[in-house]
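Chains A and B are the protein sequences, given in the same order.
Going by my numbering, the first sequence opens with residue 1, and the numbers climb by one from there.
Going by my numbering, the second sequence opens with residue 1, and the numbers climb by one from there.
Note that these hints are calculated values from the structure, not bench results.
Glycine included, C-beta positions come from ideal geometry on N, C-alpha and C.
Watch out, some of these pointers could steer you wrong.
[What the hints assert, rightly or not] Chain B side only, calculated, beta carbon under 10 Å to chain A, not exhaustive: (1) Ala120; (2) Ala127; (3) Arg137; (4) Met140; (5) Ala145; (6) Met149; (7) Tyr153; (8) Leu197; (9) Arg245; (10) Leu254.
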Amino acid sequence: MSDEIGHAGFDDWLDATEEGEAYYLECDRGHGSLPPRRVCPECGSTALSEEPLPETGEIETFTVTHVPTPSFEDDAPYATAIAAFGPVRVTGQVVGVDLESIEAGMTVTPAVDVSATTGDRLLYLRVA
Amino acid sequence: MSDVRVAGVGVTPFGNVPERTGRDLFGEASIEAFEDSGVSRTDVEAVLYGNFMGELAEHQGHQGPLMAEAAGVDAPATRYEAACASSGAAIRDAVMRIRNGENDVILVGGAERMTNLGTAGATEALAIAADDLWEVRAGMTFPGAYALMAQAYFREYGGGREELAHVAVKNHDNALNNDKAQYQRAIEVADVLEAPLVSTPLGLYDSCPISDGAAAVVLTSDEYAEEHGLEAPVSITGSGQGGDRMALHDREHLARSPAAREAGEEAYADAGISAGDVDVAEVHDCFTIAEVLAIEALDLEPVGEGISAARDGRTIAGGDTPVNLSGGLKAKGHPVGATGASQVAELATLLRGDHPNSEHVDGATTGVAHNAGGTVASALVHVLEVRE
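The following block holds chain A by itself, in its conformation from the complex (with noise of 0.2 Å):
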C-alpha cells in the first residue's frame, strides 16, 4: 500500500537519510529524539534543532521474524534490530549479513530501501 498522501517529517527524515544527510532532534538541554516531533519527549523544550545521526550505529537487540503481517509477507523471513546512535535509537531491518549470524554489538548504517511485499520505503539497517 503506497501512501498518495505522506507523513510530515517522517518522510522529510527518509528522504534525508537516502541522501546520506540522517538527523535526529536536539534540545536546547541536550536530550536525543526522532522527528516528527515538535517537542522534547524528555523536558518539554520546544526548541529543537535537527543534527547529523553519527554514520554508524551499533545493534543493541535484534530478532528473527517467520511470521509476519500481510505487509511484509514476502520480506520474510528478515531481521529487526535496534541499534544506538548516539543519543538516540532506531528501530529497523537488517540487511547486508545472513540472518543467522546477525549479533548484537554489530556496526550498522541507516539506509532507505523498499518492501519486497509493498515497495513502500522502509529503513534498513546496513551491516558493514
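Start from chain A and add chain B according to the hints.
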C-alpha cells in the same frame, strides 16, 4: 473514601468463536456478572468498557452505548482504549469514581473479537499498538517486539529459551482445571522448544493465542454492598497506572518494564501493602518473556531472577507466590480488550475460594493483577484483598 467491592464477575469461555459478535460476548459475560452479584441492572450508574480493535475486527466504533445495551443497562457508557490494557484502564476509572463518591454501582469490563481476522489479520491489527512510523513500518510485529526484549534480557541477565519454556508449561498446567480457558492441555518443555519460531527467540508456544471473549465485573461502593446485604468479600484496595515511551527504542531499558514498576509501586502504596504481602498474582503473559518482566516489575522477583521463577517452582501452583493460576493469557487466552477485567475476575474468585484453583491459595488474602498495553507503554496494576 469508600471501599470498592467486587460484587460479581462474569467471563465467557475464551477461544476460537469467529462468528460471535462483541455484543454477544459481552452480553453473556454481563449476565453472569449480574447473577453472581445479586445487583439489579437498574442500579447501574455507568458502564465502562474496554476494547482495542473493534474498528478493524467488527467495523464498529462507539462501542460504549452498544455494550450497555447488550448488557441490558440504561446508563451512560464509555469505551476505554489502552491496547491490551483497555479494560484494566476501565477498571481503574471505575475504582476512582466509586471512591470519590460519584457512583455506587458500575458495570466494567471488556471484550474482543479477533479470530475472524485470521492469524495474519490479527497480527496486523495488534501491531497498531506499536509506533506506526518507526516500528510497524520497519516490520515489527508484537511477537517481534517482545522478542527484542527477550534477546535484550538474555544478554543483560542471562537465561534462555528453556527457562522461558517453563513459564508456558506452568501456565498450561494451571489452565487444566479452568473450563473457561482456551487451552486445557498440558505441554512439556520440549514441545515449547520444538515449536515453530515466530520471532527468534520466541516460538509458537511462547505466545498467547488469538482469542475471542469477554469479561464483566460489577463494582459497588461499600455503602451499597452493606445496604443491599451483598456477599462481596473481596475489595479492590489499590490501583496504579504507569506509562512509558511508545516506541521500544525510545525506552531507557530494553529488558525491563518501568511503566509496570511505576504502576505496581503506586498500587501497593495505595493499598498500603508491599510486594511481600502478595499471595497470588495474575500477570500479563502475552509472551513468556512478558511474565518474567512483569514479576520483576512487581517486585515479586529481584531483577534478573524472574527468568528462573517458573523453572525453580517459585511461581507454580504449589510455589511461594503462584502466578497465573487461571492459565494466564498464554493458556487461558487473550481477547485483548477483555484481559484486564478477566484478571480481576479470576483473582476475585481465587480469593473468594470458588475458583477451580482456589485450593492452591487456601487462606490467601491478597492478590495483584497486572495488565499491560503495547510493549508496556501502558500498565495498570490492581490490588485485591479479602475484607470480611
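Checklist entry - Does Met140/B pass the interface check with chain A, least Cβ-Cβ distance below 10 Å? => result Check passed: Cβ of Met140/B comes within 5 Å of chain A, closer than 10 Å.
For the restraint on Arg137/B, tell me whether the closest CB of chain A is nearer than 10 Å. holds, 5 Å
Hint status (Cβ of Ala145/B to nearest Cβ of chain A, threshold 10 Å):
holds, 8 Å
May I ask you to test the interface hint for Ala120/B with respect to chain A, counting a Cβ-Cβ separation under 10 Å as satisfied?
The hint holds - Ala120/B has a Cβ within 10 Å of chain A, the shortest such distance being about 5 Å.
Exercise for review: Under 10 Å, Cβ to Cβ, is where Tyr153/B needs to be relative to chain A, so tell me if that hint holds or is violated.
Suggested key: holds, 9 Å
Please check whether Ala127/B passes as an interface residue: C-beta within 10 Å of a C-beta belonging to chain A.
holds, 6 Å
Worksheet item: Does the interface hint hold: is Met149/B within less than 10 Å of chain A, judged Cβ to Cβ?
Response: Because about 8 Å separates Met149/B from the closest Cβ in chain A, which is inside the 10 Å limit, the hint holds.
Q.
Given a cut of 10 Å on the nearest C-beta pair, is the interface hint for Leu254/B held or broken against chain A?
A. holds, 6 Å
*asked:* Restraint: Arg245/B near chain A, CB-CB cut 10 Å. Satisfied or not?
replied: holds, 7 Å
Checklist entry - Close enough to count: is the Cβ of Leu197/B nearer than 10 Å to one in chain A? => result holds, 5 Å
Checked against the numbered hints listed earlier, the structure breaks none of them; every hint is satisfied.
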